[in-house]
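Number of protein chains: 2
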Amino acid sequence: MTAQPEQTGKIIISVDAMGGDAGPGVVIAGIAKSARKNPDIGFILHGPEDELRKLVAKRRVPEGRVVFRDCPDVVTMEDKPSHVVRNGKNTSMWSALESVRKGEAHGAVSCGNTGALMALSMMRLRKLPGVNRPAIAILWPSRNPQGFNVMLDVGADVRADAKDLLQFALMGASYARNGMALTRPRIGLLNVGTEEHKGRAELKEAHALISDFAEQANFDFVGFVEGSDIPGDKADVIVTDGFTGNVAIKTGEGTAKLIGDLLREAFSYSPLSRLASVLAITSLQRLKKRIDPRRVNGGVFLGLNGTVIKSHGGADATGVSAAIKLAFTLAQSGFAEKLAARVASTADLAQDVAQSASQTGK
Amino acid sequence: MTAQPEQTGKIIISVDAMGGDAGPGVVIAGIAKSARKNPDIGFILHGPEDELRKLVAKRRVPEGRVVFRDCPDVVTMEDKPSHVVRNGKNTSMWSALESVRKGEAHGAVSCGNTGALMALSMMRLRKLPGVNRPAIAILWPSRNPQGFNVMLDVGADVRADAKDLLQFALMGASYARNGMALTRPRIGLLNVGTEEHKGRAELKEAHALISDFAEQANFDFVGFVEGSDIPGDKADVIVTDGFTGNVAIKTGEGTAKLIGDLLREAFSYSPLSRLASVLAITSLQRLKKRIDPRRVNGGVFLGLNGTVIKSHGGADATGVSAAIKLAFTLAQSGFAEKLAARVASTADLAQDVAQSASQTGK
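Each protein sequence line maps, in turn, to chains A and B.
Position in the first sequence (first residue = 1) + 308 = my numbering.
Position in the second sequence (first residue = 1) + 308 = my numbering.
Hints may contain errors.
Copies of the same chain look alike in the list, so a pair counts if it fits in one copy or across any two.
[Unchecked claim] Below, a list of computed lysine to aspartate or glutamate pairs in the EDC-like style, where the Cα atoms sit at most 16 Å apart: (1) Lys596 <-> Asp569; (2) Lys565 <-> Asp541; (3) Lys435 <-> Glu645; (4) Lys542 <-> Glu645; (5) Lys362 <-> Asp378.
Because the hints were derived from the structure by calculation, they are not lab data.
Please put together the full structure from these sequences, using the hints given.
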């Protein structure tokens, strides 16, 4: 079964309709939103076909924009990645990746279990030649003109050595160029201080490696940055291991949420503060929109043969639509091919640099 | 030279007047504030005596509450810790710690260079028997009834193995009991997920060790927690290595600051939003007070023979006064002695547990 004739010339996004916290309803609502806004996207939808057809009809997704792949099984949030890799062949997640692997879609989007999605992606799509550890990159609200910084890895793997961090820098630069139209992104390496003698041994080694590659890979290396620079304007791309990155974004999210809750409490404290909140509502909504996580929904898996986007499990229709838009933007820019070429051109050289560095005891 | 007779019966805090971003003026202003609020504190003040005497007179610190130790040198923010350890004998920071070492003060407070303060503290005060790595503990705004969580280590060392993390749990529990009056604090171990199979190898080992000690050390171990739990209500004490902890708090601080700035921008957008901001000002100040970092100013160095508190380099008088209050509270509760006893009683046992675990390949 191939894409229908109506899909010709379109950018095709493969969507795992299952596995989100709120079920397939919001995923289809997101698709409907994207389909209305952008006539150049076609969808391949994976999940129980009968159920999905009803939802597509209900949401009035325009004719001929969706084809279906019937899959009986669903990956749940509780499923262990190793279990899904062995037994997940009939799941919508597996099927969604299969469309990318076979080349019938330009990218995949799923709201499902992150660990399982990464494990399946690595097994089915395989790592790009030259990449040791794939990474998950997210966008984080920042003071930069583009409004967001890229940060990676935020949880594909809990470890990263110096060469992995170099790959993250190359992949992050490529993502910032293609996803955010920054011609010469500034890369920062996350550490506990900005002095060159600080931090863990692998960070000093990575500092030297990334420095060596900056010119050739067309990015600016701003050196070490700190946690406060993740929402700052010193760098566009923040490079770190998946353990640190995951803790950092969850701390930032948790702190933002606490402030939001306390702000609501503060405004409901007295009749006067409730009146103020009515007058302030436009201002507060303007702020909310500026840092709305739904606008930047979507962790991109980098370092694989194909683009996979992990949408937040709790995403609503706006969030799903944002993840689809990101997949579309990246596909349109030819990101997957450019990234593969970039990594391939630097992989051998990185190998040489690392070897000579370890030989000279640098 | 010993404390003056007026100081008898008081709790004596040794204060390094130099090294803060704004100079000794704000430090003395903070001391004046504390002295007026609390008649039971006496101060030993370290720095250039002539300059300090003038500031003390200007701020009208009550008579007989301050004695001086004249020191010509100052540790700057740029000084490397190793340099200060070798050449810092005439600095106010060294002298401030000396008062604790000699037993003439119950604790020390400094706004100076964190790395130098930790290095000097380790050299002059020495680690408690049974402690391998000291830790810096801070308070973080949270949803808990006490309003704050303890987090450690936030930057004493970039590494921590399983036994260090156990020590952090014991020290953090003791700090929460004595500094925040929580009789049975809940301890969480920071990881990238809450499932027991997740994360780095040393975290799984630490999970088992901390579990084993919970009953004996009179705390609840809630297991793995995530970055979002640092401002949450699942645990009172968050245990992590100094690299991760440092990145987490700086990310949280940076995110909070970004939201504050954007909130101000949102409220100055139009005449109506400016009007709303006038009406909202009490609500916003209530929020600001709730999460004001100055209220919880002070990283406590744990695991040394003596209490050392690092006040923020940019602290104002309110911040310095908060750090002094924390030193006072801890001294009054006999924290240093209780912590030493706690660590000593568990150190040998931890050794046994770790050895038998490594023998059985657990």
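Okay, the hints, checked on the actual structure:
1. Lys596 <-> Asp569: both (12 Å within a copy, 13 Å between copies)
2. Lys565 <-> Asp541: For Lys565 and Asp541, only the inter-copy Cα distance (13 Å) is at most 16 Å; the intra-copy one is 22 Å.
3. Lys435 <-> Glu645: within (13 Å within a copy, 55 Å between copies)
4. Lys542 <-> Glu645: neither (29 Å within a copy, 45 Å between copies)
5. Lys362 <-> Asp378: For Lys362 and Asp378, only the intra-copy Cα distance (13 Å) is at most 16 Å; the inter-copy one is 82 Å.
Comparing the model with each numbered hint stated earlier shows that hint 4 is the single one that does not hold.
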